[in-house]
Amino acid sequence: MFRDSMSRPAGEIDGRHVAATQPQAPAVKLRISDVSKKYGDAFALRPSDLDIRQGEFVTLLGPSGSGKTTLLMMIAGLVHPTGGDIWIDGRKATRQQPYERDVGMMFQSYALFPHMTVGENIAFPLKMRRASPEAIRTAVDDVLHQIKLPHIRNRFPSELSGGQQQRVALARSIVHRPSVVLMDEPLAALDKALRAHMQLEIRQLQQELGITVLYVTHDQEEAMTMSDRICLMNEARIEQVATPSELYFSPRTVFAAGFVGESNGFDGQIEAMDGAVARVRLSFGHVSGRVIGATQVGDSCKVMVRPEAVSFTPAAAGSGHNVIAGEVTSHVIAGAIARTYVRTADGQVLVATELTRRAGAAPSGRVEATFRTEDTLVYGGES
Amino acid sequence: MSRAEGTTGRWIGAALLSPTMLFLAATVFIPVALLLAASLNGPSGFSYVSFERLVKAPVYAQVLGHSAFLAAAAASVSVLAAFPVAVGISRASSGWRQLLWIGVLLPFWTSFLVRTIAWIVVLGRNGLINSTLQQVGLIDQPLELLYTNISVVIGLVHVLLPLAILTMVPVIESMDRRLVPAAWTLGARPGTSFFVIYFPLCAAGCTAAWLTTFVSALGFFITPALLGSPKQTMVAQVIIQQVQEMMDWGLAAALALLTLLATLLVYWVYDRLVGLSSLAGETTRSEVGHAMGGLRNLKAAIYWTLGRWTDAVLRRLPQRDHSEDQRVPFGALIVLAALTLPVLLLLPESFTSSSFIDWPPRGFSTRWYEDIFASPVWASALWRSLGVGVGAAVLASAIGIPAAFAFAHHKVPGRSLLLGAVLAPVILPRIIVALGLFYVLSKLGLVGSSVALAVGHAALALPFVVITVMATLKSYDRRLDAAASVLGARTGARLTRVTLPIIMPGIVSAFIFAFGTSFDDLTLSLFVSGGLFTTLPKQMWDDALLKVSPSLAAVSVLLFLGVVAVMALSYAARAMLAKRRFA
Chain A
1 MFRDSMSRPA
11 GEIDGRHVAA
21 TQPQAPAVKL
31 RISDVSKKYG
41 DAFALRPSDL
51 DIRQGEFVTL
61 LGPSGSGKTT
71 LLMMIAGLVH
81 PTGGDIWIDG
91 RKATRQQPYE
101 RDVGMMFQSY
111 ALFPHMTVGE
121 NIAFPLKMRR
131 ASPEAIRTAV
141 DDVLHQIKLP
151 HIRNRFPSEL
161 SGGQQQRVAL
171 ARSIVHRPSV
181 VLMDEPLAAL
191 DKALRAHMQL
201 EIRQLQQELG
211 ITVLYVTHDQ
221 EEAMTMSDRI
231 CLMNEARIEQ
241 VATPSELYFS
251 PRTVFAAGFV
261 GESNGFDGQI
271 EAMDGAVARV
281 RLSFGHVSGR
291 VIGATQVGDS
301 CKVMVRPEAV
311 SFTPAAAGSG
321 HNVIAGEVTS
331 HVIAGAIART
341 YVRTADGQVL
351 VATELTRRAG
361 AAPSGRVEAT
371 FRTEDTLVYG
381 GES
Chain B
1 MSRAEGTTGR
11 WIGAALLSPT
21 MLFLAATVFI
31 PVALLLAASL
41 NGPSGFSYVS
51 FERLVKAPVY
61 AQVLGHSAFL
71 AAAAASVSVL
81 AAFPVAVGIS
91 RASSGWRQLL
101 WIGVLLPFWT
111 SFLVRTIAWI
121 VVLGRNGLIN
131 STLQQVGLID
141 QPLELLYTNI
151 SVVIGLVHVL
161 LPLAILTMVP
171 VIESMDRRLV
181 PAAWTLGARP
191 GTSFFVIYFP
201 LCAAGCTAAW
211 LTTFVSALGF
221 FITPALLGSP
231 KQTMVAQVII
241 QQVQEMMDWG
251 LAAALALLTL
261 LATLLVYWVY
271 DRLVGLSSLA
281 GETTRSEVGH
291 AMGGLRNLKA
301 AIYWTLGRWT
311 DAVLRRLPQR
321 DHSEDQRVPF
331 GALIVLAALT
341 LPVLLLLPES
351 FTSSSFIDWP
361 PRGFSTRWYE
371 DIFASPVWAS
381 ALWRSLGVGV
391 GAAVLASAIG
401 IPAAFAFAHH
411 KVPGRSLLLG
421 AVLAPVILPR
431 IIVALGLFYV
441 LSKLGLVGSS
451 VALAVGHAAL
461 ALPFVVITVM
471 ATLKSYDRRL
481 DAAASVLGAR
491 TGARLTRVTL
501 PIIMPGIVSA
511 FIFAFGTSFD
521 DLTLSLFVSG
531 GLFTTLPKQM
541 WDDALLKVSP
551 SLAAVSVLLF
561 LGVVAVMALS
571 YAARAMLAKR
581 RFA
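The listed protein sequences correspond, in order, to chains A and B.
Read in order, the letters of the first sequence are residues 1 to 383 in this note's numbering.
Read in order, the letters of the second sequence are residues 1 to 583 in this note's numbering.
Be aware that one or more of the hints could be misleading.
As the list claims (entries may be wrong) - Distance ranges between label pairs, derived from CB positions:
#: 1; chain 1: A; residue 1: Ser-158; chain 2: B; residue 2: Ser-475; range: 19 to 27 angstroms
#: 2; chain 1: B; residue 1: Thr-496; chain 2: A; residue 2: Gly-258; range: 45 to 53 angstroms
#: 3; chain 1: B; residue 1: Gly-294; chain 2: A; residue 2: Ser-132; range: 21 to 29 angstroms
#: 4; chain 1: B; residue 1: Pro-505; chain 2: A; residue 2: Ala-336; range: 49 to 57 angstroms
Think of the hints as simulated: they come from the structure by calculation, not from any bench.
In this text the structure is predicted, and so the values were computed from the model without any measurement.
Heads up, the beta-carbon is just placed ideally off N, CA and C, and yes, glycines get one too.
Just chain A, same shape as in the assembly (with noise of 0.2 angstroms):
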């Protein structure tokens, strides 16, 4: 039972097919497909389908009830679907019991084995493996080494700082090589400094080991810092799957754009269409933007653009600039960034960030913003 997945090439690669033009992509190693799960007629999560490869760090992150866990909790096979499959390593675990399944698990509230020994705890899956005493001892050691704390063997739970706890249930989830490790908000209970080192950590152990992690957050930062890539939900559904920069960049729906980073975010009604690019108009002027998704001619839509897309710089005619015209009311420094609210003719607020700097004139009276039409989004009615 106890598998080296870790030393399989990464992709598979036939050694007899050297020739062969194109790499093969690393293995699946988890697929969800058309997983739905219901509570009576409420829907925890619609059908759903997701793909994650050896080695990839893919993050499950949305607001609370958005079916995140929910979908964690049926990979590990605490919670079972409605309807679809859910396949390991190549082999179907929908109807698995967690035992069967070839995973590891990191919970929210570590769930260390309190009358169990630092050693024991780690050596809990490989011993339910039945490796042998040495195998455990070596595998114990590496692991321990691995989350730099060799000393804590002999520890219990409850004598542990809650970031050595952490590093352990990290450690337990991983020691055994499994095929997926889940991860459901570790980091939640960390304060902001330690949280943010961990992110680093976890990543880099992940990276370095080619582990493949599924991670379940509803912080954005933390997202966008550790993942591959990013399975946004929203109301029990996928929103997108995407990079980060993806995800930042071209959210595909107004959620995605609102949950991810700041937008500003305004109503509008679309004049004319030439390709992907929208001529909208809105309560106190015209922009034009890309269209995300379909719309036509007279269709309502919502215009958003990031707050730092937006500055004061006064742009050539016909650059593919947008501007409106408004007037400052506050100038904030955040800290690393400052921000400008800007009044629309019509009494709306416009948002601009820059990076703070100690000279220069903070923008103040009456300003035009100007913001690329790239970086203006136009989404239709639908999404």
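Starting from the structure of chain A, add chain B where the hints point.
This is chain B only, laid out in the frame that chain A set:
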């Protein structure tokens, strides 16, 4: 916190605690000490004569040994039966949970005597089991079920089981619910996750329950007297006999001392193995201390083996679903049914027209009820019990509530020792506490006084008041006090407007607990009340010693209905309160 503040805090704690300590000193510690001293009090001053007599007559050692055997057997069965109920309660959905709690609390509040009498109906020569077996034709002659070790153990278990459940549930509920799912995801099959993870973490609760029930059983006399033969005589019976019939204080005191020593020995062993702090519901760290011990390794090896064997067996059985535990708690329901059904048998029995309580009851008649309502003896006993109960509850609350505040909200030097002292009346076998009080009261010539009885009951009830109110205060948000102070409330206004209204449910349950303790007590009443001056349990006891008649069944039914009514009222009141607060 400044030094001045710290010092005042300590003074407040001491001031709040002092009434309780003085009261316990006067009613428990000094009387018990005087009683124990009496064991060394011969006809002419100091002498060992009582102990010599104890040692010379082998019957006393036999009684003590047999008492320990019966108590240990009853405690073990109680813990085994309590476990599925406690697990059921901790895992049930809220609907089931309420039902299960009712199933535990209903027998808990039902008088010892009522529960014991019910078993006479079940186990008697012409009782439920014998007559059923005879009717089916499995036996010709009635089996001797009553007046055996088995009947005594069954009776003891019935009395102790609710106590065992109440001791176990908090320990099991304090466990992180994620631990077993975590074990599953790490590859542990059901047997291993139960024996290696779940059970060891419950073990502290189980041993605490065993200890509590064992010590409690050691001081029992009702069950062995009514369900046992002379062979099953327990030490409390001998002590009572020595005092009431032989007037031999020396020997009684010497026996009490031995019982006390046996109790303390058990506590000492428990403290070595588990740690006493777990008794008060506080988490133990003893496992940590024993990290390297050979005992720990042995225990772990046993748990792992049990887990592996169970898994090997379970693999051969059809698979069950562990993911969503919304099953009906069958184990708990069976155990609780066994607690409640015997008592329900008393209902048909109380309407029998025969003057024996044989099963099945013959005919129909209300004459037993008519007798009771016509008799001035029962009425006066009832009124006296109610009066003494209310008096004891008021006194125990008045003294105990400040003490609960001291423990919960103030720094108290020597906290655990003082908490142990407050718990003394429940930690020590009740027979010893009662005997000590009787000893002092008889010297003071106060035997037969209702007030003295109420004071004694208040001492027995005090620990329950302190524990119940402490538990409520634990969940009380102290920032509310700060908020009230900042908003201009002085101490008095803060207490009456903010703190007390919020903890009122806890105070009410403490009061009911104290009242129930007094209303149900026979041990102290046995000594202190007598003749025309009698309480309800004492009256029942006197009747039961003569003959367990249908009129006793009728009294039992009325008492049981009283408990049901009080519980229904308290549930209704709580539901109403919850509705108003969160509407």
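Here is how each hint holds up against the structure:
1. A/Ser-158 / B/Ser-475: 19 to 27 angstroms: Since A/Ser-158 and B/Ser-475 have Cβ atoms about 22 angstroms apart, the given range 19 to 27 angstroms holds.
2. B/Thr-496 / A/Gly-258: 45 to 53 angstroms: Hint holds: Cβ distance 49 angstroms, inside 45 to 53 angstroms.
3. B/Gly-294 / A/Ser-132: 21 to 29 angstroms: holds, 23 angstroms
4. B/Pro-505 / A/Ala-336: 49 to 57 angstroms: Given range 49 to 57 angstroms: holds, Cβ gap about 51 angstroms.
Consistency note: the structure conflicts with none of the earlier hints.
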